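Protein chains: 2
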Amino acid sequence: MATKVTTPKGFRDFLPQESSLRAFVLEKLRKSFEKFGFEPLETSAIEFAETLKGKYGEEEKLIYEFTDRGGRQIALRYDQTVPLARVVSQYPTLPSPFKRYQVQPVWRAENPQKGRFREFIQVDFDTVGTENCLADAEIVTTAVFSMKALGFKDFTVRVNDRSVFDGLSPETIRALDKLQKIGETGVIEQIKREGYDTAQAKALFKRVKNSSPTKRVGELFDLLENFKVEKDKYAFDPTLARGLDYYTGLIFELEIEGYSGGSVGGGGRYDDLTGIFGLPNVSGVGISFGIDRIFDVMNELNLFDSIGLTTSTTKVMLAHFGEDERNYCIGIASQLRYAGINTEIYPDVTKKIAKQFDYANKKQIPFVIVIGGDEMKSGDLALKNMSNGEQEKLKIDVIISKLK
Amino acid sequence: MATKVTTPKGFRDFLPQESSLRAFVLEKLRKSFEKFGFEPLETSAIEFAETLKGKYGEEEKLIYEFTDRGGRQIALRYDQTVPLARVVSQYPTLPSPFKRYQVQPVWRAENPQKGRFREFIQVDFDTVGTENCLADAEIVTTAVFSMKALGFKDFTVRVNDRSVFDGLSPETIRALDKLQKIGETGVIEQIKREGYDTAQAKALFKRVKNSSPTKRVGELFDLLENFKVEKDKYAFDPTLARGLDYYTGLIFELEIEGYSGGSVGGGGRYDDLTGIFGLPNVSGVGISFGIDRIFDVMNELNLFDSIGLTTSTTKVMLAHFGEDERNYCIGIASQLRYAGINTEIYPDVTKKIAKQFDYANKKQIPFVIVIGGDEMKSGDLALKNMSNGEQEKLKIDVIISKLK
Numbered sequence: 000m001a002t003k004v005t006t007p008k009g010f011r012d013f014l015p016q017e018s019s020l021r022a023f024v025l026e027k028l029r030k031s032f033e034k035f036g037f038e039p040l041e042t043s044a045i046e047f048a049e050t051l052k053g054k055y056g057e058e059e060k061l062i063y064e065f066t067d068r069g070g071r072q073i074a075l076r077y078d079q080t081v082p083l084a085r086v087v088s089q090y091p092t093l094p095s096p097f098k099r100y101q102v103q104p105v106w107r108a109e110n111p112q113k114g115r116f117r118e119f120i121q122v123d124f125d126t127v128g129t130e131n132c133l134a135d136a137e138i139v140t141t142a143v144f145s146m147k148a149l150g151f152k153d154f155t156v157r158v159n160d161r162s163v164f165d166g167l168s169p170e171t172i173r174a175l176d177k178l179q180k181i182g183e184t185g186v187i188e189q190i191k192r193e194g195y196d197t198a199q200a201k202a203l204f205k206r207v208k209n210s211s212p213t214k215r216v217g218e219l220f221d222l223l224e225n226f227k228v229e230k231d232k233y234a235f236d237p238t239l240a241r242g243l244d245y246y247t248g249l250i251f252e253l254e255i256e257g258y259s260g261g262s263v264g265g266g267g268r269y270d271d272l273t274g275i276f277g278l279p280n281v282s283g284v285g286i287s288f289g290i291d292r293i294f295d296v297m298n299e300l301n302l303f304d305s306i307g308l309t310t311s312t313t314k315v316m317l318a319h320f321g322e323d324e325r326n327y328c329i330g331i332a333s334q335l336r337y338a339g340i341n342t343e344i345y346p347d348v349t350k351k352i353a354k355q356f357d358y359a360n361k362k363q364i365p366f367v368i369v370i371g372g373d374e375m376k377s378g379d380l381a382l383k384n385m386s387n388g389e390q391e392k393l394k395i396d397v398i399i400s401k402l403k
Numbered sequence: 000m001a002t003k004v005t006t007p008k009g010f011r012d013f014l015p016q017e018s019s020l021r022a023f024v025l026e027k028l029r030k031s032f033e034k035f036g037f038e039p040l041e042t043s044a045i046e047f048a049e050t051l052k053g054k055y056g057e058e059e060k061l062i063y064e065f066t067d068r069g070g071r072q073i074a075l076r077y078d079q080t081v082p083l084a085r086v087v088s089q090y091p092t093l094p095s096p097f098k099r100y101q102v103q104p105v106w107r108a109e110n111p112q113k114g115r116f117r118e119f120i121q122v123d124f125d126t127v128g129t130e131n132c133l134a135d136a137e138i139v140t141t142a143v144f145s146m147k148a149l150g151f152k153d154f155t156v157r158v159n160d161r162s163v164f165d166g167l168s169p170e171t172i173r174a175l176d177k178l179q180k181i182g183e184t185g186v187i188e189q190i191k192r193e194g195y196d197t198a199q200a201k202a203l204f205k206r207v208k209n210s211s212p213t214k215r216v217g218e219l220f221d222l223l224e225n226f227k228v229e230k231d232k233y234a235f236d237p238t239l240a241r242g243l244d245y246y247t248g249l250i251f252e253l254e255i256e257g258y259s260g261g262s263v264g265g266g267g268r269y270d271d272l273t274g275i276f277g278l279p280n281v282s283g284v285g286i287s288f289g290i291d292r293i294f295d296v297m298n299e300l301n302l303f304d305s306i307g308l309t310t311s312t313t314k315v316m317l318a319h320f321g322e323d324e325r326n327y328c329i330g331i332a333s334q335l336r337y338a339g340i341n342t343e344i345y346p347d348v349t350k351k352i353a354k355q356f357d358y359a360n361k362k363q364i365p366f367v368i369v370i371g372g373d374e375m376k377s378g379d380l381a382l383k384n385m386s387n388g389e390q391e392k393l394k395i396d397v398i399i400s401k402l403k
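Chains as they are written, first to last, in numbering that gives the first Met the number 0: chain A, 0 to 403; chain B, 0 to 403.
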C-alpha cells in the first residue's frame, strides 16, 4: 500500500530555513514580553470538549472535537483565552494580577485558503485580575516595544472604547468590523436592515464616526505618554470594532503601513472572563499577535535581511579532500564550537569538493573552510566567504575572532 | 451548567515558574544542537492516519486517531521519526545529509501514571542520508555537549551494536531491553521460552554479555576520542538492547548517575527509514531526549540553582504608595526595560505596600524598588533584595548596573 506523503490540507511543515526565522521572531517576542513582567504559560493541547463549548459563539463548529478511547469528548485547543480563563479559575494560588504570555499552536477546522490555516501559532499576552488602566497601557506599550524589537518602524495601534457603540446591535458592530472590506455603504445597509431608514442609518454611522475619545481613552493616552510611546504609534479610531463579542472596554488593533493583509494583532479589555468557570468579577486585558502575518510582512519588507539574519543557523562548514583531512576537521570543528560558533563537518569522505560546496550553498551556510594536505601541515586555513567568493588564508584563532 | 475546571487525565498545564525553567532547558538544547549544524524542523501536529499506521508495531493502538468533518481519518503526531521520514520523502530538494532537530509535543493514549503522560515534548536530533560513522560520532558528541550545557557532570552514553544480537529473536531483544527491571534470571527465562534448555539459555546470555566491541563500535570510539569526548562519558555495553525494532546498527542510551528513573535519552542508527514512503536506501542516526525526565533530574540535583536560575523571569518590581508614585514608576520602569532588565510595575494604586510585597514574593521576583514621595524628590531609590531583606538607597543608574 502506498502511504500518502503529504499533510492534510491547511496543515504545514516548516523546513529549517523558515523554522529558524520563525524561532527568531518568537524568541524576540518572548524576550519583549518578559521585559514587561509577563511570564510564560503553557496549557494542555487537549481539553474536555465542555471546557471549550459555549465560549466561541457561531465559530464553535470549527472546534476539532472527538471521542477518546475512554469515551470522553475531548477537543483541541481553539484559542488561548478560554484555557487562560480555565487556568486562572483552576489554580487559586496564582499571583493576582496574573501577567502571562502564551505561544502555542491552536487548531481550527477552517476552510483552508491563502493565509488561513487549520493549525497556527497564537501569541497572546494578557494581564488578568486588575481593572486599572495601567494594565491596558502596559499591554499597548508592550505591543509597540515588541514590534520595534522585530524591526518594524511604521505601524499604528488603533484604539477605541466599546462604549462608543452603546445601543448598537452585535450585528451592526460586526458590520463596522468589516468597514475596510464593505465600505461605509455596506455598514449603512446593515444598519438599515435593523429597521432604520436611510437617513437614520447615515446619521447613526456619522454619530459613531465622529465620536470623541472617551474618558478611558484619554486616561490610556496620558499613560502612554508617560511610557514615552511615540505619538505616531497610537491613534483613536471610533470605527474600530473587533469581531469578538466578549470585549467590554478598550479595544486595540495593530496595523502595519503598506501591508494590505489586514491587522497583525488585536485585543482589548474583557470583563468576567472566568465567570463561566465559577470565578466571577475577574477583568483582564490583552493582545494577540498573528504570527503568520507578522512573518509575511517581515519577509515582504526584507526585515530579516536588515537585522542581519542569515537563513542558516550554521555559520561555517568544513570541507575536505579525504578521510585524513576529514578527521583533522574534527579538531578544528571542536575549537570553533567551543568558541560558540555553529559549525558543520561534511561527513562523507567520498564526495568531491564541488559536491560539498553545493551542500553548503543549499543550506545557505555563509562560510566554508577547505582542508587539504597543505592546510594540515601549515595550519593556514582557507576561509571562503560563500556570498562573494572571496577566500583568505588564516590561522584558526583569527578565523574564530572573525566569525564570532 | 457547571463547566469542568481541569484538564483530562495525563494532560498538564505548565504554570510560569515551571514553564520558564522548561523554556530555559529547551533553549540550551536548541543552541547545543545548532552548534553542531543541526537545524530546526517543525511538522504538522495532524497527519493522515495512514501516514502513521503500520509504523509503530503493537504501540499503534495508542495513536490518537479521529475522523474530521470532511470524513478524513486523521491522527495526532505520535513521535517525530515517522514525520521526519515523511518530510525527507516529501521534499526532494532538502540538503542531503539532512541534519535536523525537532522539539514538539507528541500525543499517546497511554495509561497515565507517575512520569508517564498523554502529551509530552520530544526532543530529537538526527542526521539522515549518510552511513558514515562520523554522523554517529557527532550524534553522541552532541548529546554529551548538550548534557554538559545543562550542567550535568556524571553521566554515560552506553553504546552497543545491534549486530551483537544476530540470531536472537525480537522477543529476546525486548527481554534484554528490560534487563535492569527483570534481572538476568528474567532474561534467561525468556530465552528458554523460545525452546532452549536452561544450560543453552545461560550460555547464550553469557555469549551476549561477553561480546567484544564490534568494528563499528571501535570506529565510533576512535572518532569520539578525536572529538575529545572524555573517556568516562561513553562505554560499550553488549547487553544494551533498546526496545524499538527499527534500529539496525549502533544504539545509544543516556544514563545519569544516581538517577533511578531510567535513561534520559536514547537512539541509534536505522536503515531504510523512508522506504515505506517510496524513498529506499536512506540511512539515518539520531538520539531522542526525554525532556520530562531531564527536567526531573535537574530539579533533583538542584542544577537550576547551581546555574543561578531564579524562578522568575522578572528581575525587579516597582512598588508605590499611590497614583502619583505609581506614575513616577513608569519612567523608572522604562529606563530599566530599555537597559534590558525585566521589570514589573504593580498596577493597582489602592493596595498596601505589604500586599504588593506579597505579590512579588509569590512570583519570586528577586528585587523590589519602593517609590514614595521622598524617592520622587531625591531620586535616591530604595532597592530591596527579597532573598535577604537588605535594602540600599541608590540612584537609578547604579541600580541598572547592579541588576544587569
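Rather than coming from a laboratory, the hints here were simulated on the basis of the structure.
Check before you lean on any hint, since a few could be wrong.
It does not matter which identical chain is meant; a pair holds if it fits inside one copy or across any two.
[Unchecked claim] In silico PhoX-like cross-links for lysine-lysine, where the CA-CA straight-line distance does not exceed 25 Å:
id, residue 1, residue 2
1, Lys214, Lys191
2, Lys30, Lys403
3, Lys232, Lys314
4, Lys177, Lys376
5, Lys403, Lys54
6, Lys191, Lys351
7, Lys30, Lys314
8, Lys383, Lys191
9, Lys376, Lys180
10, Lys60, Lys351
11, Lys394, Lys27
12, Lys152, Lys232
13, Lys401, Lys30
14, Lys376, Lys350
15, Lys376, Lys147
Remember, predicted model here, so these are calculated numbers, not experimental data.
Here is what the structure says about each hint:
no. : hint             : in the structure
1   : Lys214 to Lys191 : neither (30 Å within a copy, 84 Å between copies)
2   : Lys30 to Lys403  : both (23 Å within a copy, 15 Å between copies)
3   : Lys232 to Lys314 : neither (36 Å within a copy, 28 Å between copies)
4   : Lys177 to Lys376 : neither (71 Å within a copy, 50 Å between copies)
5   : Lys403 to Lys54  : neither (51 Å within a copy, 43 Å between copies)
6   : Lys191 to Lys351 : neither (74 Å within a copy, 52 Å between copies)
7   : Lys30 to Lys314  : both (24 Å within a copy, 13 Å between copies)
8   : Lys383 to Lys191 : neither (70 Å within a copy, 62 Å between copies)
9   : Lys376 to Lys180 : neither (69 Å within a copy, 53 Å between copies)
10  : Lys60 to Lys351  : neither (57 Å within a copy, 47 Å between copies)
11  : Lys394 to Lys27  : neither (35 Å within a copy, 30 Å between copies)
12  : Lys152 to Lys232 : within (9 Å within a copy, 50 Å between copies)
13  : Lys401 to Lys30  : between (28 Å within a copy, 20 Å between copies)
14  : Lys376 to Lys350 : within (22 Å within a copy, 73 Å between copies)
15  : Lys376 to Lys147 : neither (50 Å within a copy, 33 Å between copies)
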